[in-house]
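Q: Sequence:
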Amino acid sequence: YDMAKKIIRLLCCLSRRCAADPNISLLLQVIYLENYNVSKAERIIPAAELSQQISAAGWEASGTGNMKLAMNGALTIGTEDGANIEMRQEVGDEWWPFRFGSSADELVKLRQTNTYDPRSIYDGDTAIQKALNALTDRSLAESEEEHQTFQSIFQSLLDGPHADPYFCIKDLRNYYDTQRRVEQLYQQPYAWAELSIHNIAGMGKFSTDNSIQHYCQDIWDVQPCPMDPEILAKVRHDYSEHDRRRVFVESDPST
Numbered sequence: 102y103d104m105a106k107k108i109i110r111l112l113c114c115l116s117r118r119c120a121a122d123p124n125i126s127l128l129l130q131v132i133y134l135e136n137y138n139v140s141k142a143e144r145i146i147p148a149a150e151l152s153q154q155i156s157a158a159g160w161e162a163s164g165t166g167n168m169k170l171a172m173n174g175a176l177t178i179g180t181e182d183g184a185n186i187e188m189r190q191e192v193g194d195e196w197w198p199f200r201f202g203s204s205a206d207e208l209v210k211l212r213q214t215n216t217y218d219p220r221s222i223y224d225g226d227t228a229i230q231k232a233l234n235a236l237t238d239r240s241l242a243e244s245e246e247e248h249q250t251f252q253s254i255f256q257s258l259l260d261g262p263h264a265d266p267y268f269c270i271k272d273l274r275n276y277y278d279t280q281r282r283v284e285q286l287y288q289q290p291y292a293w294a295e296l297s298i299h300n301i302a303g304m305g306k307f308s309t310d311n312s313i314q315h316y317c318q319d320i321w322d323v324q325p326c327p328m329d330p331e332i333l334a335k336v337r338h339d340y341s342e343h344d345r346r347r348v349f350v351e352s353d354p355s356t
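Last residue of the sequence shown: 356 in this note's numbering, with the numbers rising by one and none dropped.
Treat the hints as calculated values from the structure; they're not laboratory data.
Glycine included, C-beta positions come from ideal geometry on N, C-alpha and C.
Certain hints may be false.
[As the list claims (entries may be wrong)] If you anchor each label on the Cβ, the simulated ranges turn out as follows:
#: 1; residue 1: R281; residue 2: P330; range: 51 to 57 Å
#: 2; residue 1: E150; residue 2: D194; range: 18 to 24 Å
#: 3; residue 1: I313; residue 2: P123; range: 50 to 56 Å
#: 4; residue 1: P325; residue 2: L128; range: 32 to 38 Å
#: 5; residue 1: S240; residue 2: Y133; range: 33 to 39 Å
#: 6; residue 1: Q130; residue 2: D322; range: 46 to 52 Å
#: 7; residue 1: S341; residue 2: N234; range: 53 to 59 Å
[Said to hold, decoys possible] Cross-link-like lysine-lysine pairs, in silico, DSBU-like; alpha carbons within 30 Å at most:
#: 8; residue 1: K141; residue 2: K210
#: 9; residue 1: K271; residue 2: K231
#: 10; residue 1: K306; residue 2: K335
#: 11; residue 1: K107; residue 2: K231
#: 12; residue 1: K141; residue 2: K106
#: 13; residue 1: K210; residue 2: K335
#: 14; residue 1: K231; residue 2: K169
#: 15; residue 1: K335; residue 2: K106
#: 16; residue 1: K107; residue 2: K271
#: 17; residue 1: K107; residue 2: K169
#: 18; residue 1: K210; residue 2: K271
#: 19; residue 1: K231; residue 2: K106
#: 20; residue 1: K335; residue 2: K169
#: 21; residue 1: K210; residue 2: K231
#: 22; residue 1: K306; residue 2: K141
#: 23; residue 1: K107; residue 2: K141
#: 24; residue 1: K210; residue 2: K107
#: 25; residue 1: K141; residue 2: K271
#: 26; residue 1: K169; residue 2: K141
Produce the entire structure from the sequences given, and follow the hints as far as they go.
A: Shown next, in the form of structure tokens:
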């Protein structure tokens, strides 16, 4: 958690830097959302256009945020980690254009053989040097405390026998190149929309109905109870009316 807090501080400094630059502030904002919860997710997820699922392959337990984002039309830029793999398989490689990063097997081998050297990657790529040097050249830090924080991040990525334990440097160039493809495709709204539709259509496997059905069959070994048709019709009507009111209220600027 110590490193997570340092990264949050870095994000806040990046936000400050972008806001202070007149050439950037109207085009790009960096916002750290505090106390993320379901109510905020209900607004953010439907509006998102790109879902970044960038954990090192094989290193992170799978959540459900990536599924929710894809169900609502966001395209995924992601590694072969967790549910990203199943999502890609359901959507199909043709409609999953932003896959990047090393495989889990490759990273396991590097860790087992202790042959990963992030410093050599840094030394051989001027773009990566420029990005990482921003952590130490005081272009972001406005105090000695901030400088020491960013220096610590820099050292954790490049120095010591266990530098960059999550292989950020290894996948950084591939991530950058994939982000360039994102930029190119985003300038083609019809192509982007086509991919988005195919992603939505491929998410049926991850729906609540499907998940509950599998739990009933494979975990609980229970059968669904017959439902009174009148009660079912009433529940459907009530939920439909609730959704209509919510959409109306949220879209009406006068409320």
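Q: It remains to establish, for every hint, whether it holds in the given structure.
A: Quick rundown of the hints versus the structure:
no. : hint                    : result
1   : R281 x P330: 51 to 57 Å : holds, 54 Å
2   : E150 x D194: 18 to 24 Å : holds, 21 Å
3   : I313 x P123: 50 to 56 Å : holds, 52 Å
4   : P325 x L128: 32 to 38 Å : violated, 52 Å
5   : S240 x Y133: 33 to 39 Å : violated, 19 Å
6   : Q130 x D322: 46 to 52 Å : holds, 50 Å
7   : S341 x N234: 53 to 59 Å : holds, 56 Å
8   : K141 x K210             : violated, 40 Å
9   : K271 x K231             : holds, 16 Å
10  : K306 x K335             : holds, 27 Å
11  : K107 x K231             : holds, 20 Å
12  : K141 x K106             : holds, 21 Å
13  : K210 x K335             : violated, 57 Å
14  : K231 x K169             : violated, 35 Å
15  : K335 x K106             : violated, 48 Å
16  : K107 x K271             : holds, 21 Å
17  : K107 x K169             : holds, 28 Å
18  : K210 x K271             : holds, 14 Å
19  : K231 x K106             : holds, 23 Å
20  : K335 x K169             : holds, 27 Å
21  : K210 x K231             : holds, 29 Å
22  : K306 x K141             : holds, 25 Å
23  : K107 x K141             : holds, 24 Å
24  : K210 x K107             : holds, 29 Å
25  : K141 x K271             : violated, 33 Å
26  : K169 x K141             : holds, 13 Å
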